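K.L.:
So you can see what is in the structure, the chains are spelled out below.
Protein chains: 8
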Amino acid sequence: MQGEQLKQLLEQVKKGDLSVDEAVEKLRHLPYEDLGFACLDHHRAIRRGFPEVIYCPGKTIEQIVKIFGALAKKGNNVLATRADEEVFEAISQTTEFAQARYEKPARAIVLEQKPLQRSKTVVPIVTAGTADLPVAAEAQVTAEIMGQRTELIYDVGVAGLHRLLGQLEKLQNANVIIVVAGMEGALASVIGGLVSCPVIAVPTSVGYGASFEGLSALLTMLNSCAAGVTVVNIDNGFSAAVTAALMCRKIEQGG
Amino acid sequence: MQGEQLKQLLEQVKKGDLSVDEAVEKLRHLPYEDLGFACLDHHRAIRRGFPEVIYCPGKTIEQIVKIFGALAKKGNNVLATRADEEVFEAISQTTEFAQARYEKPARAIVLEQKPLQRSKTVVPIVTAGTADLPVAAEAQVTAEIMGQRTELIYDVGVAGLHRLLGQLEKLQNANVIIVVAGMEGALASVIGGLVSCPVIAVPTSVGYGASFEGLSALLTMLNSCAAGVTVVNIDNGFSAAVTAALMCRKIEQGG
Amino acid sequence: MQGEQLKQLLEQVKKGDLSVDEAVEKLRHLPYEDLGFACLDHHRAIRRGFPEVIYCPGKTIEQIVKIFGALAKKGNNVLATRADEEVFEAISQTTEFAQARYEKPARAIVLEQKPLQRSKTVVPIVTAGTADLPVAAEAQVTAEIMGQRTELIYDVGVAGLHRLLGQLEKLQNANVIIVVAGMEGALASVIGGLVSCPVIAVPTSVGYGASFEGLSALLTMLNSCAAGVTVVNIDNGFSAAVTAALMCRKIEQGG
Amino acid sequence: MQGEQLKQLLEQVKKGDLSVDEAVEKLRHLPYEDLGFACLDHHRAIRRGFPEVIYCPGKTIEQIVKIFGALAKKGNNVLATRADEEVFEAISQTTEFAQARYEKPARAIVLEQKPLQRSKTVVPIVTAGTADLPVAAEAQVTAEIMGQRTELIYDVGVAGLHRLLGQLEKLQNANVIIVVAGMEGALASVIGGLVSCPVIAVPTSVGYGASFEGLSALLTMLNSCAAGVTVVNIDNGFSAAVTAALMCRKIEQGG
Amino acid sequence: MQGEQLKQLLEQVKKGDLSVDEAVEKLRHLPYEDLGFACLDHHRAIRRGFPEVIYCPGKTIEQIVKIFGALAKKGNNVLATRADEEVFEAISQTTEFAQARYEKPARAIVLEQKPLQRSKTVVPIVTAGTADLPVAAEAQVTAEIMGQRTELIYDVGVAGLHRLLGQLEKLQNANVIIVVAGMEGALASVIGGLVSCPVIAVPTSVGYGASFEGLSALLTMLNSCAAGVTVVNIDNGFSAAVTAALMCRKIEQGG
Amino acid sequence: MQGEQLKQLLEQVKKGDLSVDEAVEKLRHLPYEDLGFACLDHHRAIRRGFPEVIYCPGKTIEQIVKIFGALAKKGNNVLATRADEEVFEAISQTTEFAQARYEKPARAIVLEQKPLQRSKTVVPIVTAGTADLPVAAEAQVTAEIMGQRTELIYDVGVAGLHRLLGQLEKLQNANVIIVVAGMEGALASVIGGLVSCPVIAVPTSVGYGASFEGLSALLTMLNSCAAGVTVVNIDNGFSAAVTAALMCRKIEQGG
Amino acid sequence: MQGEQLKQLLEQVKKGDLSVDEAVEKLRHLPYEDLGFACLDHHRAIRRGFPEVIYCPGKTIEQIVKIFGALAKKGNNVLATRADEEVFEAISQTTEFAQARYEKPARAIVLEQKPLQRSKTVVPIVTAGTADLPVAAEAQVTAEIMGQRTELIYDVGVAGLHRLLGQLEKLQNANVIIVVAGMEGALASVIGGLVSCPVIAVPTSVGYGASFEGLSALLTMLNSCAAGVTVVNIDNGFSAAVTAALMCRKIEQGG
Amino acid sequence: MQGEQLKQLLEQVKKGDLSVDEAVEKLRHLPYEDLGFACLDHHRAIRRGFPEVIYCPGKTIEQIVKIFGALAKKGNNVLATRADEEVFEAISQTTEFAQARYEKPARAIVLEQKPLQRSKTVVPIVTAGTADLPVAAEAQVTAEIMGQRTELIYDVGVAGLHRLLGQLEKLQNANVIIVVAGMEGALASVIGGLVSCPVIAVPTSVGYGASFEGLSALLTMLNSCAAGVTVVNIDNGFSAAVTAALMCRKIEQGG
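Protein chains in written order, with my numbering: chain A, 1 to 255; chain B, 1 to 255; chain C, 1 to 255; chain D, 1 to 255; chain E, 1 to 255; chain F, 1 to 255; chain G, 1 to 255; chain H, 1 to 255.
Calculated from the structure, these hints are not laboratory results. Please read these numbers as outputs of a predicted model, since none were measured by experiment. Certain hints may be false.
[Said to hold, decoys possible] DEER-style ranges, computed between Cβ atoms:
1) F:90 <-> E:114: 53 to 59 Å
2) B:117 <-> E:84: 33 to 39 Å
3) E:84 <-> F:89: 23 to 29 Å
4) D:94 <-> F:21: 39 to 45 Å
5) B:116 <-> G:85: 39 to 45 Å
6) D:52 <-> E:61: 42 to 48 Å
7) C:75 <-> H:19: 32 to 38 Å
8) G:85 <-> H:96: 54 to 60 Å
9) H:84 <-> D:155: 50 to 56 Å
10) G:57 <-> H:96: 35 to 41 Å
11) A:117 <-> F:90: 26 to 32 Å
12) G:57 <-> F:116: 53 to 59 Å
13) D:94 <-> E:152: 49 to 55 Å
14) H:118 <-> B:120: 57 to 63 Å
Glycine included, every Cβ here is placed at the ideal spot set by N, Cα and C.
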């Protein structure tokens, strides 16, 4: 649409139906959306191959099913995060997306209808305790649907350091590591001090009392004295995975 | 004094000058302080050998000098914490307490005029970074004036785990360990997971931004998943040392 | 396993199949886990006789039953904390752990299949109000399964000081005291000022409004002007009991 | 002015120059200030004998001197709170208020130029530590210039309960008690549980670390389980004193 | 009991069976509870006529019924606050306390089995909005069972100032006023500026968003620039009523 | 009533039964309510045409139905906000207000029984995400029942800037814009920098973790570096709409 | 510059040197800045007559002088906010801006070198206490340099309601009111309930203790139950004034 | 040293002076530091070419000079962050490090004595306002001494979107972007929505009032709805730069 409007304008200039000054004036007032779209297309081109994403909380089941359908029909892969099981059931009942599956621990719906180009390298997703697994699972599902291979290393909290040290080689060979931890969240600092790659820290809301729903782990991670540790929102396995996948793609593509 | 008042009353009962009922009534109204002192004396007896302590902030120099003098004159050891250097100068100028010394890193004034019975065991005071040293020093000065021997192990933060692991044997042989750490405060958890003795964690106000003056380290330590870790107030090296010394005395005395 | 790998390497050196320099290089790259395990074993040896512990929140019932079974089969005592009654029912239905019992006030599952060596001394667990009892009960169950005898002293809040003073002798004879209090949490300071042993303070989430889920009691306890008071996380009766038991064991063993 | 305007209107009604309906309409639209002043006067009458008060922070020395002068000239007693010494010097230099004095510990300027009617009863102002004295002093100066007699009972914190119990009789005879305490602020609860009169609790900013500038003491006092305890702002000795003086006046006047 | 023990001791002194020194020693070690009870009795005497109170949250229904029964059997009036309707039903089913009634808006159970001496004066309980009524009702029920007459003035928030001003005379004649307000809590300041008696401010958890469960109203009230305003915990109608009743009793008794 | 009382007084003055001075005195003491009402009427006159509003939370269904009926009977339009569907059902069952309708997304009940004078201009209500729609809907329903036309522009969050820029012309022509956003709430700043009219920012509680129930969006909006942005409470679409409608009315009326 | 680049491109199309498709492609890649500037210009046109503004904190004196000079040379009016007196002295010393003046109470530097079109209406700026004056002054200076006339009404806090009511008529006639208040910040609600125009509330950091640097006033204002009240950042008199001036301009221009 | 100890042990095995079993036992008890150093060396090897870093706050000038000297003598590059100018002067006076320079805006001391391998790609460091420059400068100095080339893009805050859009191409071509912003911190989200590479967000303490020393910007960035945004501590330009440099090195090395 934007192209057409712009072309017509330029044709008018070419034909002399519109003076250059008039054209300048008209261009100034073209709705931003059109010009903006150019940016959007370019932008999307770079991100090609990534799934469309729906963040479910605050949306009604009807809204989610509708958005899911619209995105799926374009042929893209679709990821719905923080989805209750009943959302998946509603999507299943439409019978249109037989391939859609429910990743229960991650509370995610995944529709993989376009082949993925799987990464060469593997991102370790390290988690301190069993209760942190749902957040780690969200990170894993997200990375995988972006084509990024992952390995889940679990139950290696700082209170049992030997278990962590047993995984050291894997960690020291990684390009980027996702660390998922609640309670005191010290794991990110400890790992950050042992490796030379960036560490993406995901505080979780696991804990009670003075964990204040993840605030404790969040502050710990932000104050990490190990440089190279960056932090995402509490329980935000999704964003950690997107960041890690973006990094790894850059690395595999050589920038 | 209380003894005298009580004795007189009992003598009156004995002599018949006072009926039993009258005595009961009088005893009910004896000022609590007198009865309370009995408790106090007993209490002090248990704590015998400990120094008198002055917490300086919020007191004027004049007040501190006066309290210091009063306590010192009883012959006890005296410890003044959080004392600015000018407080020490004011005390020095009185020329009465030639033995008083200023422990600069700990900001403490120590008057040791009564021989200390030195403990057999040593309490490790472990600290993450150079900036945490003043708090560790306060703990050390406090423990030492209580007769508790200590060893300062410094600069073993979690971001350089190998330095910590190099001290492991010492830590595993201790009866109790004081851990002093700011920023993310993860050191207490890591040590708590490596040893089988109680760990007293002292969060410090070292850090900036989201350390929120020590809040981050405090929350980390409270949320430690390593059981056996207890926490004192931010920068409170004094209380950590008192607790450690009380414990060790119990251990050396066998309860 | 680690031993085998190391032995073979040393045999090769001995036989001359491997030069010293090659061996040094190989040793540098031995996975940490192996070396770490030596530490672990030593560590466990010290902690011998303690139960295995499962913290239930955030774990599915299936996960808990599985972990419980795995730990129980080693013949150890097992403690599952913060367990809903339905978790206990699921464990009961496995019919494998007939000895397992549910401690309802403490919300704990206890499997005592190995004889306990009961401590000589008794730890007072003091609680301010009836609503603090579940946290005190968690502390009691935890200490008892560690072999530490306890005595629950309840309903002695600071608003009725005479009840507390009536228990003074018991408190003054203890080696360590656990104080459990919500709302304003002042009890820890008051007791801390009356005794000469360490006090472990457990703030509880009992209260409303400006108690902010236990924050008020936590801050009060951290700011206690009675030295010798250390604090654990809100509602963390478990960690207080572990600390107290570790201390008392040290005392009975003489360090 | 208001009186004049109203009188003229009523005169017009009297003379028949204005109908009753017209007068009603005019009265409806009289500026509120005039009618409001009637209220003000009445109000002031009730509060008669109280000093005029200036809260100094945020005002320039020039502004304070000007306001002080204006209030003093009406012949009332004047109290300036939170006044730096240089403010008092500026007021002294005006040479107009020779009677004005500077209460250094309270940081208050007092001008007592009208005789006070001194109360029969005495309000105990109890304070936990030496560092709380400035706030207690502000309360004392404020109460005294309102005619309310006070007695300062200091250094009776909960960590030395026997000293407090020694003052019990005085406290149990009071009509109202002001309790000033920083750090953990437990004193208000303890006293509240020992007496049957209202307790006004003043948290102070004395402390460090997790005292968070008085927040800890404030929360403790708000959560007091001793009913009858009400709380004022951190360090607000002034408001506590005003409340206590208002109460006592009511009591002495029999309502 | 304590009396007996003390009398016997004094009788022994009188008879010469016990020397004065022995008696002094014995008295020192009398359990505090006994001596404390003297204090307690005296204390209770002052508070005579007040009801026994049970704060229900955190207690099981069984515990509440048991405590209720125990207190009721002494013949006292009993007040159970924050009681769910099912608690009342459980008490009703015991059929022992036919007089017990459930005050639904206040969520309180009241057993009035001893005649009340009703106060001469009336305490206005002013509330800003309909949603604040439960807290105001708790204050009202509490005051009434203490014999204190009250009048509920509702829906006079600062956003409709004229309604408040219409009640001004009543407020200006009161001895003490309870103000109950959520959201911005400004009502306490406004009333505090219009009257010359103490104002007890009760912040409520009414509101949403940045009211942070009553924190906003609490801070507003603590920062009131109208001196004479003191504050209780969020939603604590009970404590406000106790304080007001204590004050009024003092006033009616003339101190 | 007030009129009558005032008229009688003036009649007395007219007749000479009351001197002017006596009348002045009597007028001073007329209850505020009467005089206040004059103000009220005038005030209401200005606000004429606006609906009566009921904020439902914290009110029982019975209370809401009663208030709704009372307001509706005066013939005004009525708006009940934050109303659960069952409230609407209760109102429907009264059969008196057949015109009342339930606006589900906004959770509002609207009774439009008086013709609205619809505004000429349109207020854009811009929202960042689907989950913010309920708050935007509350703003829309509120504005519309005040006669203010609106246009909802949704799903134009800052993470997809081109969609926002496509709406730029509409925004730049508005007199005032309402921006509704949760999570990071950056939309208000971005729009504020693109337009020259006031922007009313409504933070929403949409988000998780460190959004702290809308606190993050609230702080973002308060710190906007784009001048001309003002903020209302979290989720307070109602107040934003009232403010916008008041502004637009002023503009259409020329002040 | 942007114009030139665009013109040349269009000339090339006109001449046939560039095909329409090539031109479309080129336009897509024109740096955004150029197209953006069109928007900027248009935007600025709307805001014409407003001063350039420099927010001083965090900038060095050298930076401020340089920016001030650059803006002043374009012939616009310039406003520098939060400027220390030494900044003004540095600007004075450049001798270039003789007209620049320092508004001391507002801490603002004003250069008025272009005639202002003064508004017909007046914005009341109401302030609770003397200490709030600097923030009110910032609002006043800002509004005036935007051509908006203002009237400062001060010292009308809610604790002296009659003074506020005396100003009621002025307030009820305003198009918009700025309310500046610290401490409990209740003034905004009270005024909001008395008037029918929008109220812009500015919380100030005036206060101590639980005012938490303005947080208390901020929360109060956000929770105002008087609809039509919107809030800006603590101490942000500038933004309040800009918003008020934008509104009034719209009103005077009829939208 | 560790090498020597290990070699000797292996030589003993080779010579038969030590049995394999004895050697295993000895190796188990080698201090961890030695074994740890193996890890450290390997680790350092990966990080080769990076500077040694000193974080200055909390260290005395004497301590910093000493540490600086020790690190510098190893021939490495040294970076001292958050260094006051007087620290640099003290280092200058040692006359040993003539090459050391002071980067004033970044408050950093840089000693570059080893040639840097400069990166091929450039990291954009984008900053919202002039006051954010010191943090951006710290990031820039840090990255540059790690060999990472950077470009500072400043003053492109969201309130002037066109300036940002003018830099879009540069941003869209980057491998990673550092965004530095205070106040509302919205810039990170806006950029995150426009690019497809990871964005490292640095909240700054720039702002006032409800910016709460950077908390507002921190929360905004954590809540960013643009995936791929990770966050570091407030004002932590250093850690952002280290992370970005680590990433870019990986990319240039192809993992």
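K.L.:
Does each hint fit the structure? Answer for all of them.
P.N.:
Here is how each hint holds up against the structure:
no. : hint                        : in the structure
1   : F:90 <-> E:114: 53 to 59 Å  : violated (42 Å)
2   : B:117 <-> E:84: 33 to 39 Å  : violated (59 Å)
3   : E:84 <-> F:89: 23 to 29 Å   : holds (26 Å)
4   : D:94 <-> F:21: 39 to 45 Å   : holds (40 Å)
5   : B:116 <-> G:85: 39 to 45 Å  : violated (58 Å)
6   : D:52 <-> E:61: 42 to 48 Å   : violated (57 Å)
7   : C:75 <-> H:19: 32 to 38 Å   : holds (34 Å)
8   : G:85 <-> H:96: 54 to 60 Å   : violated (43 Å)
9   : H:84 <-> D:155: 50 to 56 Å  : violated (41 Å)
10  : G:57 <-> H:96: 35 to 41 Å   : holds (38 Å)
11  : A:117 <-> F:90: 26 to 32 Å  : violated (58 Å)
12  : G:57 <-> F:116: 53 to 59 Å  : violated (47 Å)
13  : D:94 <-> E:152: 49 to 55 Å  : holds (51 Å)
14  : H:118 <-> B:120: 57 to 63 Å : holds (59 Å)
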